[in-house]
Amino acid sequence: MPVVQKDPDHNRRFMARLMTYGFWIILLAGFTVYFGGLLEKKHNPNLHLANSTGQPSPEVVLKRNAYGHYVAPGLINDVPVIFMLDTGATSISIPKSVADTMQLRQRGSSRVNTANGSITVHNVRLDSVSLGSITLNDMRAHINPYMEGNTVLLGMSFMKHLEMVQKGDTLRLRH
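Just so it is clear: in the sequence shown, position 124 is 124 by our numbering, and no numbers are missing.
Keep in mind that the hints are not guaranteed to be accurate.
[To be verified] Here are the simulated lysine-lysine pairs, DSS-like style, with alpha carbons at most 27 Å apart:
id, residue 1, residue 2
1, Lys160, Lys63
2, Lys160, Lys96
3, Lys167, Lys63
[To be verified] The calculated label-pair distances, taken between Cβ atoms and stated as ranges, are:
id, residue 1, residue 2, range
4, Arg12, Gly168, 58 to 64 Å
5, Gly22, Asn113, 56 to 62 Å
6, Ser109, Trp24, 54 to 60 Å
7, Arg17, Gln103, 49 to 55 Å
8, His175, Pro145, 28 to 34 Å
9, Ile25, Leu136, 47 to 53 Å
10, Glu148, Arg12, 52 to 58 Å
11, Trp24, His161, 50 to 56 Å
12, Tyr21, Leu75, 41 to 47 Å
13, Pro80, Gly117, 30 to 36 Å
14, His69, His175, 17 to 23 Å
15, Pro80, Thr170, 22 to 28 Å
16, Asn77, Leu27, 41 to 47 Å
17, Val61, Arg12, 56 to 62 Å
If you are wondering where the hints come from, they were derived from the structure by calculation, not from laboratory data. The beta carbon of each residue, even a glycine, is placed where N, CA and C say it ideally should be.
When you get a sec, could you build the whole thing from the sequences and use the hints?
Structure (structure tokens):
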């Protein structure tokens, strides 16, 4: 009966292969985290909203994103949301999926004109809307059942109460 000899380097090759695979997995995971953060910053450079309360009135400073929009985190009725400032919108417009999550109560319906035509939306009143250090109470808004995504349009029902100064890629809001 022939004697099978063990390869003395077998364990060493196995460990080398295992370490190589581990290196590539860690490297790919690192790239995913790094580039994921870059993409998020490209979409929302205001993720950590800069505001100053040392001013006589609250002020919020926003940076424009790579697509030319002002996107920032905020609160509706103390629930975190992502806002996109929209001076072309008459009111705050909340996607139905976000409104359902927040359990907002509808108070009738109305017709509004959008870039895509006339639609029916559901009216709501919001206890509070906050953007950085600026909080306004008892705000008019509507739930848009045709709006996709989870970004809330922060329209003029909120913005009309603020002083807005845009310079370059920066927008300063004061209340």
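> Which earlier hints turn out false for this structure, listed by number in ascending order?
Replying inline: When the structure is compared with the hints, none of them turns out to be violated.
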